[in-house]
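**Student:** Using the sequences and the accompanying hints, generate a full structural model.
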Amino acid sequence: NAGVTQTPKFQVLKTGQSMTLQCAQDMNHEYMSWYRQDPGMGLRLIHYSVGAGITDQGEVPNGYNVSRSTTEDFPLRLLSAAPSQTSVYFCASSFRFSGELFFGEGSRLTVL
Amino acid sequence: AQSVSQHNHHVILSEAASLELGCNYSYGGTVNLFWYVQYPGQHLQLLLKYFSGDPLVKGIKGFEAEFIKSKFSFNLRKPSVQWSDTAEYFCAVSGLMEYGNKLVFGAGTILRVKS
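Chains A and B, in that order, give the protein sequences. In terms of our numbering, the first sequence is residues 1 to 112. In terms of our numbering, the second sequence is residues 113 to 227.
Each hint should be verified, as a subset may be incorrect.
In silico contact screen, one side only, chain A against chain B (beta carbon under 10 Å); selected entries [unchecked claim]:
id, residue
1, Y35
2, D56
3, D73
4, F90
5, F95
6, E100
7, G104
8, G106
9, L112
Some, not all, of what chain A presents toward chain B, calculated at C-beta under 10 Å [claimed, not checked]:
id, residue
10, Q37
11, Y48
12, V50
13, F97
14, S98
15, G99
If you are wondering where the hints come from, they were derived from the structure by calculation, not from laboratory data. The C-beta atom is built at its ideal place from N, Cα and C for all residues, glycine as well.
**Tutor:** Printed below as a string of structure tokens:
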């Protein structure tokens with residue numbers, strides 16, 4: 001099993017550009033989520049999904065879109081990148097939500 | 113208001129020193145409590161968890177945490193740290209009634225162990 005796979009690992013964008021961070025898991029997990037990690041602020045939940053076709057907002061959803069068309073994939077879209085979105089992004093999943101999450105290796109995004 | 117508070121942002125210890133990292137949460141209902149660890153350059157992994165039962169829980173690598181409901185606390189301890197414990201530690205809480213299907217993290221504590 002590969003676990004939770006995130007791509008790309010590093011990305012540099014210019015302000016206003018769009019991109020998609022990919023997240024895939026091969027553990028048949030129903031619950032998937034996206035966090036951003038910023039120094040001194042811990043991890044903050046962006047969006048989450050409890051199953052295919054179901055998504056909901058977390059603490060900091062503005063500027064981000066998600067969709068969940070399959071159980072395996074949960075992409076995070078930045079429609080118009082801003083410097084404030086410079087961060088490390090983590091995808092995490094679990095079979096059913098309890099708080100015990102399996103994390104991907106992270107995607108470091110820099111917006112110039 | 114911060115739902116999960118970690119008392120120290122940076123801790124520096126010498127090898128063999130004892131460790132205690134504080135964590136307090138603000139919700140008075142039923143919660144599940146977690147400590148996650150992030151070693152340098154790696155992703156987060158679960159260190160230990162509390163769902164119910166014995167309030168003293170043991171995790172990997174000699175870590176333990178005690179849930180004190182009256183103090184809304186879940187402090188992490190280790191009797192003798194090693195250089196390899198250098199990492200960032202995150203306390204997190206989930207609770208269906210208060211947070212729904214969300215895991216809320218504290219700001220993290222960076223631990224540096226000097227060899």
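**Student:** Compare the structure with each hint and give your call.
**Tutor:** Hint by hint, here is what the structure shows:
no. : hint : verdict
1   : Y35  : holds (8 Å)
2   : D56  : holds (7 Å)
3   : D73  : violated (18 Å)
4   : F90  : holds (7 Å)
5   : F95  : violated (13 Å)
6   : E100 : holds (6 Å)
7   : G104 : holds (6 Å)
8   : G106 : holds (6 Å)
9   : L112 : violated (23 Å)
10  : Q37  : holds (8 Å)
11  : Y48  : holds (6 Å)
12  : V50  : holds (6 Å)
13  : F97  : holds (4 Å)
14  : S98  : holds (6 Å)
15  : G99  : holds (3 Å)
The structure shown violates the earlier hints numbered 3, 5, 9.
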